[in-house]
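Q: Produce the complete structure using the sequences and hints provided.
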Amino acid sequence: MNVATPPEKLTVKDYASDQEVRWCPGCGDYSIVRAMQKALADIQAPLEKTAFISGIGCAARFPYYMATYGFHTIHGRAASIATGTKLANPDLDIWVISGDGDALSIGGNHLMHVLRRNVDLQYILFNNEIYGLTKGQYSPTSKVGTRSPSTPMGSVDRPLSATEFALGCGARFVARGIDTLPKHLPEVFKRAHAHKGASFVEVFQNCIVYNDGVYDHFTDKKVAADRQVLVEHGQPLIFGTDQDKGIRMKPGRIELEVVTIGENGVTKADILVHDETNKSLATLLAHMESPAFPVAIGVLFCDPAETYEAAVHAQVEAEMKAHPSPNVNDLLRSGPTWTVE
Amino acid sequence: MEGSAAVAVEGTIREEVEDVVVRFAGDSGDGIQITGGQFTLTTALAGNDLSTFPDFPAEIRAPLGTTFGVSAFQIHFGSREIRTAGDAPDVLVALNPAALKVNLSDLNRGGLVIVDTGAFTDRNLKKAGYDDNPIENGEIEGYRLIAADITKNTLEAVKDHGLTQKEAVRCKNMYALGLVYWLYGRDRAPTTNWLNEKFGKRPEIANSNIAAVNAGHAFGETIEASGETSAYKVAPAKIEPGLYRTITGIEAVSFGLITGAQKAGMRMTFAGYPITPASGVLHALSKLKQFDIVTFQAEDEIAAVCAALGGSYAGTLGVTASSGPGIALKTEAIGLAISVELPLVIVNVQRAGPSTGLPTKTEQSDLYQAVFGRNADAPLPVVAARSPADNFEVAIEATRLATKYMTPVILLTDGYLANASEPWNIPDVDAIPDFPVKFLTDTKDFSPSHRDPETLARNWPVPGNPGLEHRIGGIEKSYETGNISYDAANHQKMTDVRKDKIDNIANDIPEQEITRGEDKGDVAVVGWGSTFGPITRAVQKAQADGHKVSHIHIRHIWPLPTNLGALLKNFKKVIVAEMNTGQLVTVLRSEYLVDAQGLNKTSGQPFKVSEIEEAIRKSLGK
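Those protein sequence lines, which keep their order, are chains A and B.
Using our numbering, you'd call the opening residue of the first sequence number 1333 and step up by one each time.
Using our numbering, you'd call the opening residue of the second sequence number 25 and step up by one each time.
Heads up, some of the hints might be wrong.
Covered stretches of chain B, as calculated for chain A (at least 3 residues, CB under 8 Å) [unchecked claim]:
1. 259 to 267
2. 313 to 323
3. 446 to 459
4. 487 to 494
Derived lysine-lysine pairs resembling BS3-like cross-links, with alpha carbons at most 25 Å apart [what the hints assert, rightly or not]:
5. B:Lys565 x B:Lys544
6. A:Lys1381 x B:Lys462
7. A:Lys1381 x B:Lys468
8. B:Lys572 x B:Lys593
9. A:Lys1341 x B:Lys468
10. A:Lys1515 x A:Lys1341
11. B:Lys632 x B:Lys262
12. B:Lys311 x A:Lys1653
13. B:Lys646 x B:Lys597
14. A:Lys1345 x B:Lys468
15. B:Lys176 x B:Lys190
16. B:Lys287 x A:Lys1653
17. B:Lys544 x B:Lys646
18. B:Lys523 x B:Lys428
19. B:Lys262 x B:Lys287
From the derived model, a few chain A residues whose C-beta atoms are all more than 10 Å from chain B [claimed, not checked]:
20. Glu1380
21. Gly1468
22. Gly1502
23. Glu1564
24. Val1590
25. Gly1594
The set of hints was computed from the structure by calculation and includes no laboratory data.
Computed from a predicted structure; not experimentally measured.
We put the beta carbon where it would ideally sit given N, CA and C, even for glycine.
A: The following block contains the structure:
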């Protein structure tokens, strides 16, 4: 076998393919692909063991721009193909790349099952609240009233929260990132990669053509500090330009509230400390919406459990151990047979 | 021959018959399929040739005693070659009035009816739609009758074994089996052994069932002594020497897939979703993990085919199985497999009707779907099994084509073949040639789209190999580099190469043989799939009458064998017998401009030999 000698250390550039990137100029996807390349360089992910598998949509072009293995599949089904690939070769490191339509509309069923099964892969959902590649129809995450070619009078159906959906499906790792946080996003990807099991990451991504500015209300530099809380395990949920705002449990209720440290007798000790192993807290954090609450960014939930492919292969190995060197001729001759002379 | 002594029962004068058709029928909870399975095994051990047809309702437990809850099992056995489950039963075992109601009209005139009078209560008669008792009102005149209170006799026979009333009544199928064993002088030992093994942990159940078999048999001896009914003898058939077993289509296709994967030198990733009548493949392979098989019950049909394709992407043999409606859902992913040129085996256990149709009834109406049923020009090879055991060879062939040509392959089998069983001369797997798959490992001048100049199959770089990192996808690819290409001339070239690759497979499959008869004559009866049995028997009978009739049975549905067109033109008339409204006939007419005529049936039941004989006669102008 001819093995290409890898360079001493892979750089960010080594993770980029030679293909011309064809997203619209200014698209949030550019910064996501860069964040991914940085994350992979940071962890020195072997190119040959890494595979990006995507469905259909703007985000799904992602694998073409990575110098790893890549499979651009069909609409909504990347999770299923990735499940088969991981079952066939658990040594591969698989990233599924999807969008809000691909993951939550046509592929909702597969997303649900890949998460509940806990297949060891990273599922990155680029959420821009719109169908981009088909020219701007509203998506399952679009806000009520979204005007689009298919909803000229505004959409009437209520949107889905991707993160809450993932938690509801039993995902053991749920995180959020933003395309405009180039330092934070690679860290989220690295955490997702480090987690054994299905890791779900929702990336708020701006579609400059069909839904420009949809997240400005919490991502714009002017408001970001007051409208986002960057959660970190073991750290108090404090945010704000002056780092004086915090999240605490509303006394006597299963509900969060925003408080200001130093006002009404609130001290830092009253602020909730993030515990990423606490699913109830993660669910409450995922539910926070701007502007009443800051949007929770970072690793909301991380509580590893046995992975699906490990359990499947444990059964295969047990059977192989119990019946070593099985022979098809013996199999065909098992059960009642008779000889004709 | 081993076991042939069983037909000679001492002191009994038996009328010798060449072949017999027996149908067991009763409520779906009566254990009819088990009864049939046991009779099949015993008959095989007695050296007869045989063919079976299980016919069960779609409902798992339909309301007791209703006509739509009737389950049946038909076996045709004889001292000659047996290729069908038989046109009409000679013996009908009816364990309740509904079973009689549904099946009596099929019985040959003068045939024997065995009924459980204990089940012919007013309530059951009413549920079956009888106004009064058919045993008493002359409705079964013209048939011979063994009327026994099987329920009561069974309860009596098992009373000392400590079963509950419900458990005791359940033994009545074994009583009926014992009676039929007596009728044909069968050895009871195989069933006794089977019961002891199956109910090893509950000996009281094993012993009760054995007591019921023996009681049924003794009942036969009693009525024989009284001169009411005579017993029969069916001599062993002339069968090719070898080691035999009975095998169903589900078993054969599963074993064939395992063998195919081994011949290719690959592990298997099987992904399925429960669907009648294909689930059996998932069940069978899930029990054979020791062969390094990963089985995956997916969340839906689409996920199943996608996971199988994902398995192929990773370098294992991806396999999925379903039935028509499930295959419809898999269609887009099959197109992806064609586009990215990865191997994939898709087993379609066909069932009747569009949409849900008749899930437990058989049909061959997915030929168009297999050959043509995808968007755009998306050719793939299609192979079809003709008998339960033939699924073994066809599954190996599907694997060979998929891996050699980097293509999805559809294997057509059907509900009848899946569940029916036949004796199988067990092959030596070591004698089957290997077809090892070649993964690309050489990084020099690497492109994922380079092709073998002979097969046109693209090379296969598998994730995990350093230096071969590449991207594939459903967007049109450059013929040279494999990268995305929207170039017009390139798309023409890629469309052509996809077609040529599949067409070229015709040169790598056996020439079409004449299944039975001469290679020219007055009539060729062409078939594919499970019509094999009735066609070959009908042609045999027509030949015996001196007619120049031949049988041509096609395994490779797409591409077709290269000599088929010329062969068909050697016959004055061509009849294509299919359980659909005329699908292969359309393909043959279109491919060869041959005036083939369809003989079609879509009743959910296999062809009768007589139906094909009649078509041959008509075609001959007789």
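Q: Would you pick out the hints that fail for this structure and give their numbers low to high?
A: 19 and 20
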